[in-house]
Structure formats: structure tokens, C-alpha cells
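Engineer: Here is how the chains run, residue by residue.
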Amino acid sequence: MSLLTVRDLNVEFRSGVRAVDGLDLDLDAGRVLGVVGESGSGKSVTSLAVLGLLRDARVSGEIRFAGRELTALDQRSLRRLRGDRIAMVFQDPLSCLNPYYSVAFQIAEAYRAHHRTGRRQAHRVAVHMLDRVGIPEPERRARCYPHEFSGGMRQRVMIAMALCLEPDLLIADEPTTALDVTVQAQILQLLRELRKESGTAIMLITHDMGVVAGLADHVVVMHQGRAVERGPVRDVFHRPQQPYTRGLLACVPRIDGPLPDRLPTLGATT
Amino acid sequence: MILYLLRRLAVTAAILLVICAATFAVFYLMPADPAQGACGKACSPERIAEIRSTLGLNHSPLVQFRDYLAGIVSGRTYGSGTQAVDCPFPCLGFSFQTDQPVWQLLTSRLPVSFSIAIGAAVLWLAVGVGAGVLSALRRGSLWDRAAMTAALGGVSMPIYFTALVLQYLLVVQLKLLPYPQAVPFTADPVGWAQSMLMPWITLAMLYAGIYARVTRSEMLESLGQNYVRTARAKGLPEITVVRRHALRPALMPIVTIFGMDLGALLGGALITESVFGLPGVGKLAADAIASADQPVILGVTLFAAAFVVLANLLVDLVYAVLDPRVRALG
Chain A
1 MSLLTVRDLN VEFRSGVRAV DGLDLDLDAG RVLGVVGESG SGKSVTSLAV
51 LGLLRDARVS GEIRFAGREL TALDQRSLRR LRGDRIAMVF QDPLSCLNPY
101 YSVAFQIAEA YRAHHRTGRR QAHRVAVHML DRVGIPEPER RARCYPHEFS
151 GGMRQRVMIA MALCLEPDLL IADEPTTALD VTVQAQILQL LRELRKESGT
201 AIMLITHDMG VVAGLADHVV VMHQGRAVER GPVRDVFHRP QQPYTRGLLA
251 CVPRIDGPLP DRLPTLGATT
Chain B
1 MILYLLRRLA VTAAILLVIC AATFAVFYLM PADPAQGACG KACSPERIAE
51 IRSTLGLNHS PLVQFRDYLA GIVSGRTYGS GTQAVDCPFP CLGFSFQTDQ
101 PVWQLLTSRL PVSFSIAIGA AVLWLAVGVG AGVLSALRRG SLWDRAAMTA
151 ALGGVSMPIY FTALVLQYLL VVQLKLLPYP QAVPFTADPV GWAQSMLMPW
201 ITLAMLYAGI YARVTRSEML ESLGQNYVRT ARAKGLPEIT VVRRHALRPA
251 LMPIVTIFGM DLGALLGGAL ITESVFGLPG VGKLAADAIA SADQPVILGV
301 TLFAAAFVVL ANLLVDLVYA VLDPRVRALG
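Protein chains in written order, with this note's numbering: chain A, 1 to 270; chain B, 1 to 330.
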């Protein structure tokens, strides 16, 4: 069953820039959809449009989530959906966590925004979530502040925050970009495990083809606000139909292949 | 944290010592002869010589400074024998004009300055920060533009001008308020508030303008932070997003300037007190300068400086409470 259906999504900023141009997306419950493309291709804007978090922009088209049309909802109903049914993990967890509050508080805050529970109960949930995402000594670490964590740990905190309400859809916007390679691998492994346990569908936004290959079932290649190619990951990776996709794939140096003199670059426009 | 506190206290003491030395040096740079000032008009040369020895003016400046410091710390005695005058701790000397101990003069004037400063601070914080937050949330709106224009006006108008205009409008024309006079809060709270209202508004207009502009720009910055987007993505109500995630970081610079402003005002609002004729520390300073009453000038300067320095110390401590990252550094 389709969990998220996007039809003919258009996003135009007040400055006149058209960030998303007639985009269609489909994501089934429990599956992982990779959305790839270079910077400025409209990936992040699409995710913010789904959450209704775009300000100063005109959004048109259909965004159907679990049978409800999101573009028709008022801010109140959207707010109830955010965090609870659709959660988000952003790039650069340091700037995405508030430096003034402990990590447990920020997780508990998300929980309490949707549940009528006391502080203590919410704190217990936060500690449990920290444990689930693999933070050692979660009881003690819960009271720490974001600056006391490493980059990978911070991203685990963000994931714990996003998953504490067991959402149907997790939008992960470049979840591994600000992290070094070994930590990237850990975070991807964590997402894979959590997906298996909870059955949460993931919309994985990235420019990194390797990340998509490791996690996604389907992939959509975006370029200048449009989907230029889509399909199961294996098909798109092994038999790319579009020159743009081929170019994008060629940009990734292969560890098992010959070392190229120069990496190919993508043309400014196609 | 204890170590941080001790270190800060040591620095504060050092700063106060430097200020003390600087004001004392000014004492020597002033053209008036202290002995002449203490004696008054038509004084015989013998009498002046006598006073010079009583005040210790014959000693080198360094010895005099040492005696002055010793007086502040433990009190001192001027002169000797039957003419000895005892000046108890903390001794800042005696006024040339009234012969009262400077410390006593200062403390008797303090309630008025406190009343003015605290009341004005409450007013300008509420109005300034409130207007700044609303402006940031409705950026570019009519309200934003009106508030920022008003803020610019408040900042631009000199205190003596707003004070006189207020007095003319509220007292002379509309007869809403009595002429300001010092009414102790304990004796008549309503009368106290009435007499303080104009000084409060006068000062608040200036400071609220500054605070509104600072709050607005700080709020705009914090509203653009990624963690505010995270807070929205969590599904928090917008009011919580603004209050908890945008306003709290924005308040940090406000705390800094507020500490300094309040500290400076506690040491006397010179112009405001003078215009309204309220006997605060500022009025004391103005009168002392007019009559070259050097011990009082010295005392007031030191007193006011101490408030600013102590307020800054307090700000640093509040910082440590507000920002976990500062706490970690301590």
C-alpha cells in the first residue's frame, strides 16, 4: 500500500526560483526510497514541503500521506502529524540540536509534544531511545548536552528523537554527510536495523550513491527539480537509462576499479 | 564552578583596584586645591596648612592612596589628638560642603537611585524585548516597521529632552501626575510609584529602543537556526518553538547589555535625577561636580564603577547558568 504519494509537486520561492518542478514520488509502507541528486536539485525542499515546513514558498500539487491530503491540512493538523507520523533527521546534527538543552530533554520534548505524559515518563522514554540507538551508558549520557557528544553520537541522538514516536515515515536528509566514513557506516547500519525492527518507511535523501545502494529499495534521481529517472535500485545502478544518471554514477570513484586521472564532472545543465 | 567563581572574584577585585587608582589620580589632576575646598571661602593660610596636614595632603600621592585604600577597607582617623576625626569603615572621606561622611551620603541617596533603576529596567525589558520578539516574528510587517521607527526615535531623543517634554505634558498640561519628589516606598507606595513614573518612562524610552532592536536582530538570527527547524519538525507548538528554542538563545546578548546598563544606572542616573530633582546618587554626583566637592566625586565614581563591575560579575555567573557550554569551560 502506498504510504506517501506525491503528484505534480511544484515549489516556487518568492524570489522566483522554482526548486521543485512537477515531481512525482511513491513510497510504500516499510520501504526505503532513495532520492538522489546533486546540490540544488530540490531534494531537501521536497522533504520540507512534505512536512509543511517551507516558508516563503508557493507549494502546489498533491502530497498524500496515509490517505490524507497534506496540502489541504491546516497548520494545527500538520503539527500533529510532524514528529508523530512523519519524523525527520537532518544533516549536520550539531547545528540541528539546541545547544541549551540536554539531549534527553530534546528527545522527551518531542515525545511530550504528542503524548500527555509527565516529565519523568518522557525522560524514561528518552533514555530507552538512547539505549536503542546504541549510546553507551544512556542513563548518564541522557543528561549531557549536544556539545559533549561526538558527531556520530549526535546523529544517533537525532535518530532517537525522530524514532521515539514510532513514525510511519522517516525522512532522512543527508543523514551521513557531515560524518566521517566509519561513522557513516555505523549510522547506515543503525538505520537498517531500526527499519527492520520497527518497519518504518524511510525517504532517504542523499547525493551519495553509495548510501542509496546500501539502504534503499527504490531510487529517484532528481535533477533541477525534476525526477529524471526512477526504479528499483539494482536496475537504476546497473542499467541507468539517462545520461544524467550515468554521469552521477561515474562521479563515484570505485575502490575496486582503476584509479581515474580525473573524476568526471556533471555539466551545469543537461 | 567554585574555581570559576573564585577566579572571577579575583579579577573583579583587581578591576576595582585599578578603577580606584584611576579615580584617585583624577583627584590630583583637578585644578582645585583640596585643602582650599575643605576650608571654604576666606581662609587663612595657617588654617589651610592645618587642613593639609589633617587630610594628609603633605604626604606623597602614593602614601595618600595607601591611606585612602586602608580607609575603605578598615576605616581611618583624620588628624590627631583632640582634633582627631574618626571615619568608620568604609571610609570614603568627608564632604567638603556638608562635612557628612561620603559613605553615609551615598547610602542615603541609594534608595532613590535603586527605585529609578529597577522600575525603569522592568519597564524597558518588558516593552523592549516584547516589541523586539514581535517584530522578529512579523518581520517586514507594518508593526515591525512602526516599532523599529519608534525604537529609533526612543534611542535618538536625549534624556533631558524626553524628561522635560514628559514633565510638561503629564504634569503641567494634563495634570495627571504631581511634580516628582522623593517619596520612600515604605511610607507611601502609591505616591512612590507616581513620583517615579516619569523617570521610569524617560529612561525606559531610551533603553527599550536599544533592547527592541537588539532583541529583533538576535531573534531573527536564532529563528534561522537549524535547531529551530528541528523543533518545528518535532511537531512542537509554534509558541514553544519561539519561546524555548528561539528566545532563549536570543536572550544571551540581552543579559550582557542588561547587566551593564543596570549596573550603570544603579550608580546613579545623573541626567534623569537632575532634571526631575530627585535626590539620588546621580544628583549627588552632579551637585558635587558643580561645587568641586572632591571626596564626594571620588566616592560616587568609585561607587558607580563598583556597581558596573559587580553587575558584570553577575552576568558572567548568569551566563554559566544559562549556557551549558560556558559551564563546561569553567
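Hints listed in this document are in silico derivations from the structure and should not be mistaken for laboratory results.
The structure presented is a predicted model; accordingly, all values stated were derived computationally and were not measured.
Just so it is clear, CB atoms sit at the ideal spot from N, CA and C, and this is done for glycine as well.
Possibly wrong hints are sitting among the right ones.
[Said to hold, decoys possible] Under 8 Å between C-beta atoms, here's a sample of chain B residues computed to sit facing chain A:
#1 Lys41
#2 Lys175
#3 Gln225
#4 Asn226
#5 Arg232
#6 Ala233
#7 Pro237
#8 Tyr319
Engineer: Against chain A, run the beta carbon of lysine 41/B and see if the smallest gap drops under 8 Å.
Structural biologist: violated, 63 Å
Engineer: Against chain A, is tyrosine 319/B within 8 Å by beta-carbon distance?
Structural biologist: For tyrosine 319/B, the interface hint is violated, since the closest Cβ of chain A sits about 12 Å away, which is over 8 Å.
Engineer: Holds or violated: the hint that arginine 232/B contacts chain A, with Cβ atoms closer than 8 Å.
Structural biologist: holds, 6 Å
Engineer: If you take the shortest Cβ to Cβ gap from glutamine 225/B to chain A, is it below 8 Å?
Structural biologist: holds, 7 Å
Engineer: Minimum Cβ distance from lysine 175/B to chain A below 8 Å?
Structural biologist: violated, 49 Å
Engineer: Measuring from the C-beta of alanine 233/B to each C-beta in chain A, is the shortest one below 8 Å?
Structural biologist: Constraint on alanine 233/B satisfied, holds at 4 Å.
Engineer: Given asparagine 226/B as an interface hint, is its Cβ closer than 8 Å to any Cβ of chain A?
Structural biologist: Check passed: Cβ of asparagine 226/B comes within 4 Å of chain A, closer than 8 Å.
Engineer: Against chain A, with CB atoms and a cut of 8 Å, does the hint on proline 237/B hold up?
Structural biologist: It holds, given that the least Cβ distance between proline 237/B and chain A is near 7 Å, below 8 Å.
In summary, the structure is inconsistent with hints 1, 2 and 8 from the numbered list given earlier, while agreeing with the others.
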